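Novice: Sequential numbering from 1 applies to the sequence shown in UniProt numbering.
Be aware that one or more of the hints could be misleading.
Unchecked claim - So the derived label-pair ranges between C-beta atoms look like this:
(1) Ala276 - Ala62: 41 to 47 Å
(2) Glu41 - Gly246: 30 to 36 Å
(3) Trp106 - Gly266: 40 to 46 Å
(4) Leu71 - Asp270: 34 to 40 Å
(5) Phe96 - Gln271: 20 to 26 Å
(6) Gln73 - Ala146: 54 to 60 Å
(7) Ala62 - Val274: 37 to 43 Å
Calculated from the structure, these hints are not laboratory results. A quick note: this is a predicted structure, and the numbers were derived from the prediction, not measured. Where is the CB? At the ideal position from N, CA and C, for every residue including glycine.
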Amino acid sequence: MTTHQCITKTLIVGLSGPSSSGKTTVARLLRSIFNIPASAETNHHSVTLFILHQDDFYKTDAEIPIVTTPLTQRQLQDWDSAAALDLGLLERSLRFVATHGQLPPWGLASKEPEEDGNAGGAGGAGGASGSVSDADIERYRRQVVATVLNPTPLPASSSSFPPAGKSPRQAAALGGGGVEMRICVLDGFLLYADPGAQNNPSIPASITELLDLKLFLRSTEARTRARREARSGYVTLEGFWRDPDGYVDEVVWPNYVREHAWIFEGGDVDQGAVRAEVRERCGIEVAPGMGERAVRVVGYGWAVGRRVAGA
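The task is simple: from the sequences and hints, build the whole structure.
Specialist: Structure (structure tokens):
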């Protein structure tokens with residue numbers, strides 16, 4: 001007998017943080033965990049996770065803005081600002097994902113190398129420092145099966161995915177078959193609009209509002225510098241970019257501080273506590289620690305995902 005599957009909802013998850021904080025690594029680890037086909041073990045429910053990289057929305061090399069660095073007065077391209085991104089295309093792509101539950105058809109070929117944080121197996125943590133083993137991944141997958149795909153019924157007042165008050169099993173009973181969950185992780189360095197920004201924020205609120213869940217990874221300035229400087233460079237639309245000497249100190253980190261100081265007490269992105277209203281009003285979940293171990297962040301992401309999935 002064929003089991004009919006109906007998509008109840010597509011969940012879009014923002015995964016943000018400073019450059020080289022392990023975002024892509026964690027996204028790929030979560031993809032390894034949250035891709036489970038329908039089977040008797042899952043009561044014919046399934047979950048699929050795919051990734052959309054903000055880095056795939058850069059403008060052409062010639063359109064990247066030029067800035068004068070404050071310390072050395074050099075004229076450099078600024079790849080770490082909203083002005084370097086085609087935000088209109090990003091928003092259209094997110095709206096397509098929200099409507100159709102899949103990546104858009106207009107050719108967003110990823111420029112992210114798989115070896116930088118490829119999920120699964122020893123050394124899979126890549127830039128997030130700290131490997132995640134196959135055993136770790138399998139353990140989390142089993143938790144997804146047990147708690148997300150086969151949860152206990154929810155109270156009617158719960159905020160959940162599938163719809164409020166319905167576990168996948170209950171939703172399946174209503175729809176005549178298993179439930180297919182689709183999760184899109186948007187991995188990007190600038191995703192969350194400052195609600196207190198005067199005039200126009202760098203990232204439009206219309207993009208932030210499309211995110212059902214907002215996750216944030218932290219990193220220190222020293223760790224960001226070490227990881228970014230260890231990279232050979234970045235593939236662009238028209239070529240290859242290598243950071244000039246001092247690029248993190250003069251461009252990358254100052255941009256990060258300017259765009260994200262509002263999240264932390266006293267604007268201290270390095271050591272400051274997360275402001276209470278960031279979670280309560282803006283719904284941003286900040287990962288514990290400063291990116292020391294990817295497995296900790298994956299566990300954290302799982303815990304948040306389990307809550308949103310209606311466990």
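Novice: Going through the numbered hints above, which ones does this structure break? Give me the numbers in ascending order.
Specialist: Violated hints: 2, 4, 5; rest satisfied.
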